[in-house]
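Based on the provided sequences and hints, a complete structural model is requested.
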Amino acid sequence: MKKSIFKIFALTAFITFSSCGEKAKEAETKDAQDAAMANETAMTYNVDTEKSTINWKGFKPTGTHDGTIAIKDGKLDVNDGTIESGNFTIDMNSIVVKDIPEDDENNAKLTGHLTSADFFDVEAHPTATFEVTGIENVDGNAMLSGNLTIKEETNNISIPVNTEINEDTMTLTSETFTIDRSKWNVKYGSKSFFDDLGDKFINDNIELTISLVANKA
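So the sequence shown is numbered by this note's numbering: it starts at 1 and just counts up by one.
The set of hints was computed from the structure by calculation and includes no laboratory data.
All of these numbers come straight from a predicted model, not from anything done at the bench.
Take these hints with a grain of salt, some might be off.
[To be verified] In silico lysine-lysine, DSS-like type, Cα no more than 25 Å apart, as pairs: (1) 60 to 98; (2) 109 to 151; (3) 187 to 151; (4) 23 to 75; (5) 151 to 183; (6) 72 to 151.
[Claimed, not checked] Here are the simulated distance ranges between beta carbons: (7) 37 to 63: 40 to 46 Å; (8) 164 to 61: 37 to 43 Å; (9) 154 to 118: 20 to 26 Å; (10) 104 to 166: 38 to 44 Å; (11) 40 to 113: 43 to 49 Å; (12) 55 to 140: 20 to 26 Å; (13) 64 to 185: 20 to 26 Å; (14) 64 to 175: 15 to 21 Å; (15) 126 to 34: 22 to 28 Å; (16) 126 to 211: 17 to 23 Å; (17) 34 to 101: 44 to 50 Å; (18) 99 to 129: 22 to 28 Å.
Where a beta carbon is used, it is the ideal one built from N, C-alpha and C, also for glycine.
Next up, the structure:
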């Protein structure tokens, strides 16, 4: 009997640990900061919107959903291989669900829900923006900070990134990170706003990975 109880406890602990481990680390989030300014000697790289994207993943008790969001435009100002300033615009109308087949009616249903007033309200807020406020080396990692604005709410986030310049092309790829959507006033199914959801809640954490390709202007 004791062995059975121990096995059940061990299995529960393993599942709980595995579920918690599925989510990436939340980005450090604080109040909005002043935008960074580039020196006159900085080179401008314009974002190639066809080759740039944001991958997202959402979590709920019954599983996850994932997909992509497109970049509408943007630029990065670079000096001696280091980003000095920049910004990019996220096209919130471009939310795509990847884990449900495109011809499945549930794909359109979920996409419609995410773009509705319940979630990102893209009719009223068709774009989100990221504006660079600084970059620094922390324990050997490049940490890019910027003001992320969603639904007119702005918070400053810091995320680890890798950058590479190859001739006239620059790539920037973030490590996978999460943001707490409640800090951007995305309320639907959030325990941060509602206390009577039971197991019908949707996790506040949204997992993101940013991939940018930019060409010298």
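Comparing the hints with the structure gives:
no.	hint	verdict
1	60 to 98	holds, 16 Å
2	109 to 151	holds, 21 Å
3	187 to 151	holds, 11 Å
4	23 to 75	violated, 29 Å
5	151 to 183	holds, 11 Å
6	72 to 151	holds, 16 Å
7	37 to 63: 40 to 46 Å	holds, 44 Å
8	164 to 61: 37 to 43 Å	holds, 39 Å
9	154 to 118: 20 to 26 Å	holds, 21 Å
10	104 to 166: 38 to 44 Å	holds, 39 Å
11	40 to 113: 43 to 49 Å	holds, 47 Å
12	55 to 140: 20 to 26 Å	holds, 25 Å
13	64 to 185: 20 to 26 Å	holds, 23 Å
14	64 to 175: 15 to 21 Å	holds, 19 Å
15	126 to 34: 22 to 28 Å	holds, 26 Å
16	126 to 211: 17 to 23 Å	holds, 22 Å
17	34 to 101: 44 to 50 Å	holds, 45 Å
18	99 to 129: 22 to 28 Å	holds, 27 Å
The structure shown violates just one earlier hint, number 4.
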